[in-house]
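Protein chains in written order, with the working numbering: chain A, 1 to 292; chain B, 1001 to 1322; chain C, 2001 to 2319.
Incorrect hints may have been included.
[Claimed, not checked] One side only, chain C facing chain B, incomplete, derived with CB under 10 Å:
| no. | residue |
| --- | --- |
| 1 | Ile-2214 |
| 2 | Phe-2236 |
| 3 | Leu-2248 |
| 4 | Glu-2268 |
What the hints contain is simulated information worked out from the structure, not anything from laboratory work. Since the model is a prediction, treat every value here as computed from it, not as a measurement. Glycine included, each C-beta is placed from N, C-alpha and C at the ideal position.
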Amino acid sequence: MIKKQAEHGHIKKRSQFQETWKRLSKNRLAMVGLAILAVLVITAIFADLIAPYPYDEQDYNATLQSPSLEHLMGTDEYGRDIFSRVVYGSRTSLYVGFISLTGGALIGCIFGAIAGFFGGKTDNIIMRTCDVLHGIPQIVLAIAIASTIGPGITSALIAVAVSSVPNFARVVRAATMTVRDQEYVEASASLGGNNTHIIIHHIFPNILAPIIVQATLGIGKSILLCASLSFLGLGVQPPMPEWGSMLSNARTFMRDYSYMVISPGIAIMLTVLALNLFGDGLRDALDPKLKK
Amino acid sequence: METTKKLLEIKDLSIHYFTEEGVVRAVNNIDFELMRGETMGLVGETGAGKTTTARGIMGLVPNPPGRVVGGEILFEGKDLLKASNLEMRLHRGKDFSMIFQDPMTSLNPILTVGDQIAEVIRLHEKLSRKDANLKAAQILEMVGIPAERMSEYPHQFSGGMKQRVVIAIALACSPKLIIADEPTTALDVTIQAQVLELMRELQEKLGTAMLLITHDLGVVADTCNKVAIMYAGQIVEMGSLEDVYDNTMHPYTKGLFGSLPSLSMKSKRLVPIDGLMPDPVDLPTGCPFHPRCPDCKESCKSRAPVKTEVSPGHYVRCLRYE
Amino acid sequence: MSNTLIEVQNLKKYFKTNHGMLHAVDDVSFTIEQGRTVGVVGESGCGKSTLGRVIIRLLEATEGKIFFKGEDITSRPSTLDDRRRMQMIFQDPFSSLNPRMSVSQIIAEPLNIHHVCKSKEELDKRIRTLMDTVGLAERFTNAYPHELDGGRRQRIGIARALALEPEFIVCDEPVSALDVSIQAQILNLMQDLQEERNFTYMFITHDMSVVKHISNSIIVMYLGNMVEKSDADELFEHTLHPYSKALLSAIPEPNIHKERKRTILRGEITSPIDPEPGCRFAARCAYATEECSHCTPELEEVLPNHFVACHHVRTINGL
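Chain A extracted, bound-state conformation (with noise of 0.2 Å):
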């Protein structure tokens, strides 16, 4: 079936990029997450003319106060105040989330590409690799890195990153298997394409889709094992806000004062939302079979 842009012809040329940002731009869930991960994204960096106070300011006459004008979501048990510690938390939350899981895409899909396209040793010397690292407790090798390295938030990133290689790599060498066996990717050799050209323009573009999804289910993931570490006093040291701390710190008071779990859960939900609804409309949008 020949679709109407084909026929009417466009012939100017239109880059990739271009091509995927007018379909995007057409699914109205990802704008909403995209504008949602904006709005995330500008708390973060101007933070300091956001939150009315500072986020280790703290007020031993006004401690675990309910959300009132003053305090939009309350303080603490110190007295802090929640509002303004979310807002400074977005910054370490969405750093680390993004770097940790942006280093260990990176490396799961190199490690599971090549794993995928050569087979044989190679992939078999990979794979168990990943296996072994896959075997470890996230938390006893966040304990390890931040034992030699010493505890802060770049252990935590490094662990969280190490922690999510394994995924990667799986799933995108399941994926480049299957796409492997494709006959273009024999065309492409015959053409005189070598492994490497093969792998960036055939296999990549290919298995984007399982990729992004692994992507956006990790990155809540990774924001909620930094917050783990963090509890542990491995991660992000006090009193820096980081919103996976603030849930574990307010733990104690859900019962009698539920609002200082909520904020950060919030903020927490709302950035995983966001990420799954833009997550999905990249995919649909790089994916030219489903062209409108």
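Given the structure of chain A, go ahead and fit chains B and C onto it with the hints provided.
Structure of chains B and C alone, referenced to chain A:
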């Protein structure tokens, strides 16, 4: 049962798919009839509406997006389109069954072939498991597979053998009509010859009527009594083999014969039909074949031809013969 | 002969499998002349596709030699220049085109790999010329493969193969996935291109009528072995090998008057894994004797320029 010889009669059947891109007019006002024991070939290219027709008869048009928008399908005089889902389920497998194109995917890989045949039998006949297995073994023997292989799984069979199993399942309840959708397209020629031979033999023995859907005019010449040529959802020419092969009328049918490289003659160049199959969402006005037709006249662009009987039993849909 | 383009000598290609050695191509020799078409016929699993891939060196030969214009190309690693001179047209016009690339990107790929065009304008012009050559309208430049029908997709595949102006093209069942009316269009296009540019084709197919139509000479393969080889007309006039005969008689012809003497083969293709010595067709052959199952028949010239590998070819055909 009844004494009438007419087994299946299709009157003015139209099936459309309602998609986001518009209405796909897959089958448009087709009529044909099939007598008991007769074999009719339904020939056409990809997108001609052959498979949709078959699905329509089986009551398996995916809904949504598909819907039968008009016409009647009379099986032994009873309109199948008015039958309930339950009635249709009782008909399928027992009165008519279907052989699919790809034997690799139409068998369940985790059941033994014996179980798959027995399952169909037990759906329609009140038999004990043991009797059903016994009957399954007989049917397997009938299609030329030793009964010992009953307990084997589909992957242990080769392509041709699998297609025999598929035929065995279709024949399990001795249906009166078999609809075979490109049954040999996925097979090698020597295996195709075996399977066609088997189908011919069984048909003679059991007196089953068959609607053979194919794109291969050679297969039709080998197996059928009657042939209908479909184009863009319509039957453009229909008649006995002699009518259609020796006295070809419709320009599309002529084009099909011209496109085939011949084994008996050495031709320098083939005479293909120009252009492509029209988009069923956006069918041309007038005769749907006119943009590709070598004898297209002005009137063809505006007026749709109707079914015309040029000689007894030989129908053509073309303005030249009206 | 001076105008021999490809010469294949005792070519073998074995694959290691879990069950043993799979003899995909076993001791095949032939020559292809410049500007001619050699047809390779056989059923699935006979090694015809592997043979094509070994010749253009998508696969490495296990044994044997391939000469391209007299130069032994098997003795050295394959170069970009080999890729340019020998191209392939694939069977499935769907899976042989990357769904994420537009028509122009697909045709540009070989040109980019070989750095043929100096500028963007030159590349665009080249793509337009190629599309024109294979009969693709310019409005499809930015279309994606899934938006096009099978015939147009196959034209893209042909344009891609022509981009580097090769001398030798292996066509692996290029029309078997197409509808008959489109198949005829593509066959005509390929013939026109050959006449115009003196291409040499190796045409791999299972369809006897197509191979008869397009080839100058024909090779019939069965389980990795070459069983018959001769000029096209000669082969159809005097079909000598029992397998070729069966293959020919199995084709349903669109002719209702031709009374056919059908030879239905029993059984199916046997496994090409670690085959025993002997004629591989013996298990399905009506004429097989003791000798056939022990002793591998050699290819011999039974009639002038007509080679057959069968012990009983003379008795069967009364020669």
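Status of each hint after checking the structure:
1. Ile-2214: holds (8 Å)
2. Phe-2236: The hint holds - Phe-2236(C) has a Cβ within 10 Å of chain B, the shortest such distance being about 7 Å.
3. Leu-2248: The hint holds - Leu-2248(C) has a Cβ within 10 Å of chain B, the shortest such distance being about 8 Å.
4. Glu-2268: Result: holds, 5 Å to nearest chain B Cβ.
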